[in-house]
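**Q** Go ahead and model the full structure; you've got the sequences and the hints to work with.
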Amino acid sequence: MPTSMITSNTIIYSSLALAFVGRITVWTIATMIQVAISLLVLLLLFCVVVSGAIFALYHQGYLANPLERVRACIETLVLDSFFRRKSPSAEGETAC
Numbered sequence: 001m002p003t004s005m006i007t008s009n010t011i012i013y014s015s016l017a018l019a020f021v022g023r024i025t026v027w028t029i030a031t032m033i034q035v036a037i038s039l040l041v042l043l044l045l046f047c048v049v050v051s052g053a054i055f056a057l058y059h060q061g062y063l064a065n066p067l068e069r070v071r072a073c074i075e076t077l078v079l080d081s082f083f084r085r086k087s088p089s090a091e092g093e094t095a096c
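According to the UniProt record's numbering, the sequence shown is numbered sequentially starting from 1.
Pair by pair, the computed Cβ-Cβ distance ranges are: (1) GLU75 <-> GLN34: 52 to 60 Å; (2) LEU39 <-> GLN60: 26 to 34 Å; (3) LEU45 <-> VAL78: 42 to 50 Å.
Calculated directly from the structure, the hints in this document are not laboratory data. No experiment lies behind these values; they were computed from the predicted model shown. No residue lacks a Cβ here, since even glycine has one placed at the ideal position from N, Cα and C.
**A** Here is the structure:
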């Protein structure tokens with residue numbers, strides 16, 4: 001049995017037990033369940049948005065090889081500073 005199912009069953013059973021004892025009402029249990037479901041839906045929506053953003057960035061090339069981009073940027077900056085070459089931005093190219 002999945003862990004989430006065990007947890008949700010535990011919450012439901014403990015809530016029902018408290019309701020029978022009389023400490024909380026059935027409406028409170030319904031509200032707790034609605035809040036839990038709403039939070040799960042929001043978490044799922046957040047995960048979908050984040051994964052979609054990562055997918056889009058990857059396919060646009062921003063996450064393809066970030067170490068190669070950093071290496072090229074550092075290499076360009078070091079070569080420019082030591083050899084006083086023309087900056088790539090002056091030629092219309094950007095290294096970083």
